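Undergrad: For reference, the chains in residue letters:
Number of protein chains: 2
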Amino acid sequence: MRENYRDQLQHITDDLSEMSRLVEAAMSKATKSLLDASLELADQVISEDDVIDELGNKIENQTMSILALQQPVASDLRLLAGALKISGTLERMGDLASHVAKQAKLRHPNLSVPRDFLETFSKMGDIANEVIRRSTRAIAAGDTEQAVDIARAEGEMDALHRDLFGKVLSDEWSHGVEAAIDITLLGRYYERFADHGVALARRVAYILTGEMPSKSDLEA
Amino acid sequence: MRENYRDQLQHITDDLSEMSRLVEAAMSKATKSLLDASLELADQVISEDDVIDELGNKIENQTMSILALQQPVASDLRLLAGALKISGTLERMGDLASHVAKQAKLRHPNLSVPRDFLETFSKMGDIANEVIRRSTRAIAAGDTEQAVDIARAEGEMDALHRDLFGKVLSDEWSHGVEAAIDITLLGRYYERFADHGVALARRVAYILTGEMPSKSDLEA
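Top line first, the protein sequences correspond to chains X and W. Residues in the first sequence are numbered consecutively from 2, following the numbering used here. Residues in the second sequence are numbered consecutively from 2, following the numbering used here.
Be aware that a few hints might be false.
Treat identical chains as interchangeable: a pair holds within one or across any two.
Said to hold, decoys possible - Mimicking BS3-like on lysine-lysine, the simulated pairs with C-alpha atoms at most 25 Å apart in a straight line are:
1) K106 <-> K168
2) K103 <-> K216
3) K124 <-> K106
4) K168 <-> K216
5) K216 <-> K86
6) K33 <-> K103
7) K86 <-> K168
8) K216 <-> K59
Since the hints were made in silico from the structure, they are not lab data. Owing to the predicted nature of the structure, the values given are computational and were not obtained by experimental measurement.
Just chain X, with the same shape it has in the complex (with noise of 0.2 Å):
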């Protein structure tokens, strides 16, 4: 009984751990899907986010299962709670991949930013996937240490984000309405993403030491 209450606790951490690489694939696309006007790959990223929804939705009702059945406190209690945050977190970034790829759905055959943008959403890009890759490796290895480069990750995202609303807002803006919210809401999208990935690697934290780091804990 007390192998298969492991066990138990063992595939919870697993499917966490999978539902971060269907986000880290998720978002990896989205971003190629803006970066090359793809419309194949945007219609993948926006029909598998179902898939990371019902494993958000299992992981939830194994953990309340989990927790009626046996009597978990300490360390594995906090992994139960924070399954049910993390997951919730995973799901919104999911859908945050799944903005970007409607995103880009919605401008196709165009591309959804000006070429001049394409570097900046390229970095964007590589940040989120960082965030979210540390994120998988802090859920699968039960690594703490990922959440201070998440933080600094988010600090570079934050950055980047702030010189977007700069360009849009200068005066040499040429390009017109259309395109100054697609990148406004498109810079949010990516912003929102590192800012969960942060929230995810406190909440890991909090499962092994049982202290949530503050955001200034996190900055080396």
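Could you slot chain W onto chain X? The hints should help.
TA: Positioned in the frame of chain X, the structure of chain W alone reads:
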């Protein structure tokens, strides 16, 4: 002991209701700060967001302690797991009120939105108020019926949100790029707020019935 346990559960519900009332006050003041360009109100909303977050942390700590010390099952367990989710949702709704207030503050002493958009944002504010007022009632009274009205209100919010884009992207748009961006972000904050309200109402229904209503279940 048993009564003590019931009291503990009631405290969780009371604190969630109180948290929802704080978000209600925050969003109502945020909309006022936007429509009246009131720096004082905007500052209030921004500084009071900490109070909302602290209450969220308190709810989470108390929930964890009840989960560890008691052996809740069935609807009690759904309440406690739901409290973790709902407090997270209310925290994000409070953040969105704060985002609206920050936008009002950013353009102070000017209005953040062109005069001909004040009516639309006033309506969005009214819908946001209805959503969070009904959310408070759903939590406090365990009222699953609110979910249908919250979903209807969210539909109205979506329609206003689409209208906004239509106007900003029309040929008649004459307010420049900065106002377009402000309106895009503000519109998204209100739309997200209503969306979180629906998630909250579905969660309350799940706590009470053990079934999570789908979005289409809520369409009257």
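Undergrad: Against each hint, give a clear statement of whether it holds in the structure.
TA: These are the hints, each one checked on the structure:
1. K106 <-> K168: Classified as both: same-chain Cα gap 24 Å, cross-chain 21 Å, threshold 25 Å.
2. K103 <-> K216: between (31 Å within a copy, 20 Å between copies)
3. K124 <-> K106: Only inside one copy: K124 and K106 sit 20 Å apart there, 30 Å across copies, limit 25 Å.
4. K168 <-> K216: Cα proximity of K168 and K216: none, with 28 Å in one copy and 39 Å across.
5. K216 <-> K86: Answer is both; intra-copy 18 Å and inter-copy 21 Å each pass.
6. K33 <-> K103: within (12 Å within a copy, 33 Å between copies)
7. K86 <-> K168: Result: close neither inside a copy nor across copies, 36 Å intra and 38 Å inter.
8. K216 <-> K59: Answer is between; shortest inter-copy Cα gap is 18 Å, intra-copy 30 Å.
The structure is inconsistent with the numbered hints 4 and 7, although it conforms to all the rest.
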